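What follows is each chain in one-letter form.
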Amino acid sequence: MYKLIRTINKVAPQVVIRTADNAFIPFDPANTDYQEYLEWVAEGNQPEPADE
Amino acid sequence: MASIKLKGDTSGEITIQAPSVAGTNTLNLQASSGTLATTAQASVGTKNLIINGDMRIDQRNAGASVTVNANSVFYPVDRLHTVGVGSAGVFTAQQVSDAPDGADKSLKFTVTTTASSGAYRFHYNIEGNHVAHLGFGQSWAKTFTLSFWVKSSVTGTYSGSFRNSAHNRSYVFEYTINTANTWERKTITVAADTTGTWLTDNGSGLKIIWGLASTSSGTAGSWQSANYFTSTNQTEWIATSGATFYISQVQLEVGTEATPFENRMYSTELAMCQRYYEKSYSDGTAPATSTAYTAGMSTLINGYTSSIYVLANTYFKVAKRASATMAYWDAAGNSGKVTYITGGGLSQVNNVSAVYAFTGSEKMALMNILGASTYNYCFHWTASAEL
Chain A
5 MYKLIRTINK VAPQVVIRTA DNAFIPFDPA NTDYQEYLEW VAEGNQPEPA DE
Chain B
444 MASIKLKGDT SGEITIQAPS VAGTNTLNLQ ASSGTLATTA QASVGTKNLI INGDMRIDQR
504 NAGASVTVNA NSVFYPVDRL HTVGVGSAGV FTAQQVSDAP DGADKSLKFT VTTTASSGAY
564 RFHYNIEGNH VAHLGFGQSW AKTFTLSFWV KSSVTGTYSG SFRNSAHNRS YVFEYTINTA
624 NTWERKTITV AADTTGTWLT DNGSGLKIIW GLASTSSGTA GSWQSANYFT STNQTEWIAT
684 SGATFYISQV QLEVGTEATP FENRMYSTEL AMCQRYYEKS YSDGTAPATS TAYTAGMSTL
744 INGYTSSIYV LANTYFKVAK RASATMAYWD AAGNSGKVTY ITGGGLSQVN NVSAVYAFTG
804 SEKMALMNIL GASTYNYCFH WTASAEL
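Same order as they appear, the protein sequences are chains A and B. Each residue of the first sequence is one higher than the one before, counting from 5 in this note's numbering. Each residue of the second sequence is one higher than the one before, counting from 444 in this note's numbering.
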């Protein structure tokens, strides 16, 4: 499972949280964790919304 | 120019040729049997394209056993990963000191819950930058040799495969475990694929699989437009309760000969591993271990007042092949938390949330909202950019 993070100080998020280990995954196409996240989304899944 | 020709019993010959310049030179040979490397092989420098082939580096587990019980990726040692099957057979993987002569460590697999067959295997992915000179997909593609030591309690035919990153080209190889519980060296020589698409950048240039049971099986011995993992003759190692399988001194080199394993300095091997995974914890300490906040944690000094975000930059020892996935812990080992230290009394508070991170290939930054003046923030981290 994954969770989005909110925009802070007008800086758009560059990472998504993997909730299993609270890791920050960067939006880098060469990062295999990010590739897994994209596949997970492509399967129709949706990340949890960001905390307010 | 004088020369001597040695003819083989059936065909082929080798010419030993003296230089065409004046002078007397002496070539001394070692008083032992072996194979001389030629310029066709990388006899000097980094000939072994496998990092941590002797299983010495285990940054994640510090030698502890890993249970492979799901269709997920597990790293029992650096650079080599295993994949299991959910709700079926289970095995463990652990760095151990049982190793072939000349090695100090090996990777041991043990069956704890049997299954009849399935996708039980382990992988090694080589970065494209490190195999570009093999010429995969080119007409000039070179021959390479994979060698490794294995020991298993279950004899028989084993197999694995070489694949490209797109998983549409594969070559299945076989080898035999002849004697139970005995170290044996295996060599696989293959002419690199002259077709297909193969990465030569920071992606996976060559993927290697060793099977522990049959899955996605094909015929061994040729490149095929398929995603094969094992051969149709693969022994079902996972079907024997308590079965063991060890591997060490994995080497992949250019040429047709399996030359002796290349022993590199520990510091060199560790730095090579850190291109893919690095941690703030001391060598020998697994992530999530409770430590003193003084034990090498990344620290942001003088956090700011509340409602203002503070940012802690950490530079990696070794640049990563891609932007890294960042995990972090407080001093007590709580995942996704940081520790702060009050400036006056050096009081330590754990389990503090962080809210944001930037990660790159050379550094990362953690952002915290709970800042207050005179607070020092610290945290342990790992940075992963595995293939």
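A few of these clues could be false.
[As the list claims (entries may be wrong)] Straight-line Cα separation of at most 20 angstroms, DMTMM-like style, residue types lysine to aspartate or glutamate; simulated pairs: (1) B:Lys650 with A:Glu40; (2) B:Lys629 with B:Asp726; (3) A:Lys14 with A:Glu40; (4) B:Lys780 with A:Glu40; (5) B:Lys629 with B:Asp547; (6) B:Lys780 with A:Glu43; (7) B:Lys450 with B:Asp541; (8) B:Lys629 with B:Glu679; (9) B:Lys780 with A:Glu56; (10) B:Lys722 with B:Glu712; (11) B:Lys722 with A:Asp25; (12) A:Lys14 with A:Glu47; (13) B:Lys760 with B:Glu805; (14) A:Lys7 with A:Glu43; (15) B:Lys490 with B:Glu700.
[Unchecked claim] Some, not all, of what chain A presents toward chain B, calculated at C-beta under 7 angstroms: (16) Leu8; (17) Thr11; (18) Ile12; (19) Val19; (20) Asn35; (21) Asp37; (22) Pro53.
These are computed hints drawn from the structure, not numbers from a lab. Keep in mind that this is a model prediction, so the values were computed, not measured. We put the beta carbon where it would ideally sit given N, CA and C, even for glycine.
Q) Which numbered hints are broken by the structure, listed smallest first? A) 2, 3, 4, 6, 7, 12, 16, 17 and 22
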